[in-house]
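S.K.: Taken in order, these protein sequences are the chains called X and W.
Per my numbering, the first sequence runs over residues 1 to 303.
Per my numbering, the second sequence runs over residues 304 to 796.
If you're looking for bench data, these hints aren't it; they were derived computationally from the structure.
Please note that the accuracy of each hint is not assured.
[What the hints assert, rightly or not] The list that follows gives simulated cross-link-like pairs (lysine-lysine, DSSO-like), each with its CA atoms no further than 27 Å apart:
| no. | chain 1 | residue 1 | chain 2 | residue 2 |
| --- | --- | --- | --- | --- |
| 1 | X | Lys160 | W | Lys715 |
| 2 | X | Lys134 | W | Lys328 |
| 3 | W | Lys737 | X | Lys157 |
| 4 | X | Lys138 | W | Lys328 |
| 5 | W | Lys328 | X | Lys268 |
| 6 | W | Lys766 | X | Lys163 |
| 7 | X | Lys129 | W | Lys457 |
| 8 | X | Lys163 | W | Lys668 |
| 9 | W | Lys328 | X | Lys129 |
| 10 | W | Lys470 | X | Lys146 |
| 11 | W | Lys457 | X | Lys107 |
| 12 | X | Lys278 | W | Lys732 |
[Said to hold, decoys possible] Going by beta-carbon spacing under 8 Å, a handful of chain W positions derived as facing chain X:
| no. | residue |
| --- | --- |
| 13 | Pro643 |
| 14 | Glu674 |
| 15 | Val711 |
| 16 | Lys715 |
| 17 | Thr717 |
| 18 | Thr728 |
| 19 | Leu733 |
| 20 | Lys737 |
| 21 | Pro782 |
| 22 | Phe796 |
A virtual CB, placed ideally from N, CA and C, is assigned to each residue, including glycine.
The lines below spell out each chain.
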Amino acid sequence: MHRREFLEKSLKFLITGAIALKTGGYGKIFALDNEKYDLVSVTGENIKKMFEEGIKFFGGIEKFVKRGMTVVVKPNIGWNAPPERAANTNPELVGEIVKSCLKAGAKKVFVFDHTCDPWQKTYTVSGIKDAVEKAGGKILSANMQKDYVTAKIPMAKSLKSAKVFKLFLDADCVINVPILKDHRTTELTIGLKNLMGVVWDRWWWHANNLNQCIADFLALRKPDLTVIDAYRVLIQNGPRGISENDVIKKNTIIISKDSVAADAAACKLLNKIPEQIKHIQLAYEKNLGEINLKNLKIKRIVL
Amino acid sequence: MLKKIRIVFSTILILLFIFVFLEIKEIPTLSHLLAITQFIPSLLLFLSDNFSFLATGFLIVLVLTVLFGRVYCSFLCPLGILQDFIIFIKNKIKKPVRKYEFNFKYVRYFILLLTFIFVVFKLNSLTGIFDPYANFGRISANLIKPVFNFFAGKFLNINTEIHHINKILLFYSLLFFVFLILLTVFKNRLYCNTLCPVGALLSIISKISFFKIQINNNCIKCGLCEINCKANCIDVKEGIVDNERCVRCFNCIDNCKKFAINFSYIKINEKEDEQRRNIIKSFLILSLLALFDFLKVNKIFAKEIEYKKKNPLITPPGSKSLKNFNEKCISCHLCVSSCPTRVLTPSVFEYGILCIFQPKMDYSKSYCLYECNICSKVCPTGAIQPLTLNEKKTTQIGIARYIMENCVVVNKETNCGVCNEYCPTKAVKLVPYKNDLFIPSVNKNICIGCGACEFVCPASPYKAIVVEGNKNHLIAQLPGLQKRKRKGQKNDF
Numbered sequence: 001m002h003r004r005e006f007l008e009k010s011l012k013f014l015i016t017g018a019i020a021l022k023t024g025g026y027g028k029i030f031a032l033d034n035e036k037y038d039l040v041s042v043t044g045e046n047i048k049k050m051f052e053e054g055i056k057f058f059g060g061i062e063k064f065v066k067r068g069m070t071v072v073v074k075p076n077i078g079w080n081a082p083p084e085r086a087a088n089t090n091p092e093l094v095g096e097i098v099k100s101c102l103k104a105g106a107k108k109v110f111v112f113d114h115t116c117d118p119w120q121k122t123y124t125v126s127g128i129k130d131a132v133e134k135a136g137g138k139i140l141s142a143n144m145q146k147d148y149v150t151a152k153i154p155m156a157k158s159l160k161s162a163k164v165f166k167l168f169l170d171a172d173c174v175i176n177v178p179i180l181k182d183h184r185t186t187e188l189t190i191g192l193k194n195l196m197g198v199v200w201d202r203w204w205w206h207a208n209n210l211n212q213c214i215a216d217f218l219a220l221r222k223p224d225l226t227v228i229d230a231y232r233v234l235i236q237n238g239p240r241g242i243s244e245n246d247v248i249k250k251n252t253i254i255i256s257k258d259s260v261a262a263d264a265a266a267c268k269l270l271n272k273i274p275e276q277i278k279h280i281q282l283a284y285e286k287n288l289g290e291i292n293l294k295n296l297k298i299k300r301i302v303l
Numbered sequence: 304m305l306k307k308i309r310i311v312f313s314t315i316l317i318l319l320f321i322f323v324f325l326e327i328k329e330i331p332t333l334s335h336l337l338a339i340t341q342f343i344p345s346l347l348l349f350l351s352d353n354f355s356f357l358a359t360g361f362l363i364v365l366v367l368t369v370l371f372g373r374v375y376c377s378f379l380c381p382l383g384i385l386q387d388f389i390i391f392i393k394n395k396i397k398k399p400v401r402k403y404e405f406n407f408k409y410v411r412y413f414i415l416l417l418t419f420i421f422v423v424f425k426l427n428s429l430t431g432i433f434d435p436y437a438n439f440g441r442i443s444a445n446l447i448k449p450v451f452n453f454f455a456g457k458f459l460n461i462n463t464e465i466h467h468i469n470k471i472l473l474f475y476s477l478l479f480f481v482f483l484i485l486l487t488v489f490k491n492r493l494y495c496n497t498l499c500p501v502g503a504l505l506s507i508i509s510k511i512s513f514f515k516i517q518i519n520n521n522c523i524k525c526g527l528c529e530i531n532c533k534a535n536c537i538d539v540k541e542g543i544v545d546n547e548r549c550v551r552c553f554n555c556i557d558n559c560k561k562f563a564i565n566f567s568y569i570k571i572n573e574k575e576d577e578q579r580r581n582i583i584k585s586f587l588i589l590s591l592l593a594l595f596d597f598l599k600v601n602k603i604f605a606k607e608i609e610y611k612k613k614n615p616l617i618t619p620p621g622s623k624s625l626k627n628f629n630e631k632c633i634s635c636h637l638c639v640s641s642c643p644t645r646v647l648t649p650s651v652f653e654y655g656i657l658c659i660f661q662p663k664m665d666y667s668k669s670y671c672l673y674e675c676n677i678c679s680k681v682c683p684t685g686a687i688q689p690l691t692l693n694e695k696k697t698t699q700i701g702i703a704r705y706i707m708e709n710c711v712v713v714n715k716e717t718n719c720g721v722c723n724e725y726c727p728t729k730a731v732k733l734v735p736y737k738n739d740l741f742i743p744s745v746n747k748n749i750c751i752g753c754g755a756c757e758f759v760c761p762a763s764p765y766k767a768i769v770v771e772g773n774k775n776h777l778i779a780q781l782p783g784l785q786k787r788k789r790k791g792q793k794n795d796f
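With these hints in hand, go ahead and build the complete structure from the sequences.
M.R.: Structure (structure tokens):
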């Protein structure tokens with residue numbers, strides 16, 4: 001190794017290290033005792049209370065949302081179905097998260113989804129618009145192409161670039177709030193699949209190895225927090241569902257910073273093996289998160 | 304006073320119409336009620352096989368006309384009010400100079416006759432070409448709405464989407480609108496007195512109306528009434544008012560400083576009395592004829608439009624059949640404006656030249672929402688008949704057909720399944736193809752032809768699943784609603 005090369009490399013190393021420590025890595029390395037758990041699951045009847053209790057094990061929402069931050073909360077609001085049909089995220093949960101973010105001092109909390117059915121319908125029918133506005137958040141339509149920017153996706157195998165909702169990239173904190181649902185093509189739709197709702201040209205994914213695309217997309221921006229709604233679960237005829245007969249109650253929410261781990265845990269709720277859900281396995285293979293729950297510190301609470 | 308009442312009333316009415324057509328808030332009942340105050344839609348609804356008492360709007364208009372003359376034209380007709388608005392703006396720019404004009408009586412009688420033929424032979428799309436309400440609807444839905452949405456999106460920061468503008472309809476509406484503006488600027492309410500079939504019919508009836516506008520002895524021939532008359536029907540020199548053409552705007556009364564023109568009950572002399580009797584008689588005979596016609600004649604003569612096309616266009620749920628839809632729709636595009644998914648789009652000649660501008664379901668643009676029956680609620684003519692939500696969910700307007708050669712699963716060997724994902728009844732199932740791959744298969748008994756699968760299919764340039772319309776709508780079976788056994792609380796997690 002030449003002297004010059006050595007100097008260059010060590011300088012780069014120093015700079016990277018310094019940046020990493022400065023931009024939040026510091027907290028993660030030296031403040032471990034505040035974050036004892038990797039994953040928390042809460043079972044109970046009152047979903048608001050469940051979130052409130054669960055987030056405490058991560059040191060409260062304040063650990064994620066700092067004063068003055070712009071926060072994006074991304075629920076699933078894809079379908080024109082009321083909460084009882086469990087096709088969209090539980091509105092109470094979304095409302096509660098928005099409220100707690102604002103309480104923690106967030107400047108603005110945005111909620112949106114690139115819906116499947118017309119957004120004017122799904123936002124109201126799902127009850128999410130009401131819940132968000134009541135909590136003081138702002139709900140946006142994500143059905144206009146002008147709000148999307150093209151982003152290159154690192155380490156991609158199939159999805160090299162995508163048109164992404166600008167706010168998703170600009171926000172200081174992203175909280176993914178998917179609902180656990182049956183899905184014929186990807187077996188289950190949870191957190192990773194829910195992120196399809198921030199891209200414009202998502203039908204392209206269906207024609208180009210959907211599972212790989214879902215796994216690829218996570219590398220663009222990992223949500224800072226994932227809260228999985230498994231309160232009501234659509235276990236057949238997903239992801240739209242036909243009637244309330246397709247729904248069972250699991251009364252659970254799963255909270256984790258690791259999107260892949262959260263999805264893996266949700267799989268197990270329905271007695272599925274996470275490694276067999278292709279997009280989750282693919283994301284794990286790309287080192288985007290932990291699929292093996294044995295390697296995680298898990299807290300299970302029953303209220 | 305009367306003028307002020309008219310202005311307040313008509314302003315409220317047109318604001319409501321615009322509110323409805325711009326779909327600012329979705330109130331289907333209001334749309335329907337507003338639309339059936341209109342003469343031709345309510346007449347058609349009255350004549351249709353699903354008679355409803357709401358459809359007596361035209362009878363009320365007739366009674367009002369017998370009593371007061373053509374109040375419909377200034378109080379109820381949205382196109383008339385629109386023209387009044389144009390005149391209002393014109394008067395702001397330039398002082399009105401109007402004069403008594405020649406009466407184009409025979410033009411309007413000819414158009415009335417044509418309209419009568421169209422209604423009898425159920426060529427109602429052609430009725431709609433002249434009908435003021437349908438014209439207003441087309442202007443609102445295809446011109447005003449896109450323009451409004453464009454500016455609202457740009458300046459008011461309201462989230463409105465400009466949905467697939469139909470360029471031909473936009474051009475037609477623009478052309479008609481410009482024509483109307485020119486006509487109004489130069490000749491005031493000439494449209495109402497030459498081209499409008501409703502105006503023509505009401506002008507005949509207003510001959511016998513009990514209340515009339517008349518110039519009395521106080522007149523000093525100042526000509527203010529003549530200048531302000533929107534229908535150009537006052538001749539001050541002769542001291543006559545042509546009550547046939549008068550649209551009852553009451554401008555003359557409001558402008559007269561000498562109380563020399565009034566709107567009052569007219570005692571008629573014997574000659575006029577005879578005339579009145581004759582008109583009532585001929586009207587009765589005409590309606591009897593019409594009744595007879597609807598019972599028998601039209602079954603023999605009604606023109607059968609060729610329905611032998613292999614893949615007929617898809618008509619909205621509630622329209623019963625292609626035939627019913629083609630016969631009753633006047634192309635007012637109220638349903639186009641109200642459709643939340645914008646799947647209902649205006650056609651041009653696709654149904655044939657006799658069914659010009661009637662809406663169609665365009666699955667390349669959108670799909671029919673499962674939990675929605677708004678178009679059936681708003682339609683004022685009975686072309687789309689009311690359906691409850693449960694009826695709609697089983698109304699089969701077409702059947703999806705899978706075309707394997709186009710499918711991305713077959714061509715790219717990748718799992719897709721987006722058709723199954725969107726299918727509201729899960730009539731599109733996924734079945735094993737080879738290896739780990741799954742292809743769709745359609746259960747024709749459950750499929751309702753909503754077109755969600757066709758719309759979302761990512762295959763290009765040709766879709767791998769397309770809906771073929773039913774000429775006569777059928778009832779689909781309910782999707783299997785079997786309840787899964789509740790699994791115990793135990794799970795792997």
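S.K.: Quick check on the hint: Leu733(W) CB to chain X CB, less than 8 Å?
M.R.: holds, 5 Å
S.K.: Hint Val711(W) vs chain X: min CB-CB distance below 8 Å?
M.R.: Holds. Min distance 4 Å.
S.K.: Holds or violated: Lys129(X) with Lys457(W), Cα cutoff 27 Å?
M.R.: holds, 23 Å
S.K.: For a C-alpha distance cap of 27 Å, please report whether Lys328(W) and Lys268(X) respect it.
M.R.: violated, 44 Å
S.K.: Please verify that hint: Phe796(W), Cβ, nearest Cβ of chain X, below 8 Å or not.
M.R.: holds, 4 Å
S.K.: Hint validation: Pro782(W) versus chain X, beta carbon distance must be below 8 Å. Holds or violated?
M.R.: holds, 5 Å
S.K.: Hey, Lys278(X) versus Lys732(W), does the alpha-carbon distance stay inside 27 Å?
M.R.: Holds, because 20 Å separates the two Cα atoms, which is no more than 27 Å.
S.K.: Holds or violated: the hint that Lys737(W) contacts chain X, with Cβ atoms closer than 8 Å.
M.R.: It is violated, given that the least Cβ distance between Lys737(W) and chain X is near 16 Å, above 8 Å.
S.K.: So if I understand the rule, the pair passes when the alpha-carbon distance is 27 Å or less; does Lys457(W) with Lys107(X) pass?
M.R.: Answer holds: Lys457(W) to Lys107(X) is near 25 Å, not above 27 Å.
S.K.: Is the Cα-Cα distance between Lys328(W) and Lys129(X) 27 Å or less?
M.R.: holds, 16 Å
S.K.: Is Lys163(X) within 27 Å of Lys668(W), Cα to Cα?
M.R.: Distance of about 21 Å is within 27 Å: holds.
S.K.: Between Lys160(X) and Lys715(W), does the CA-CA distance stay at or below 27 Å?
M.R.: Given pair Lys160(X), Lys715(W) holds - Cα atoms ~18 Å apart, limit 27 Å.
Hint compliance for this structure: hints 5, 20 are not met, and every other hint is.
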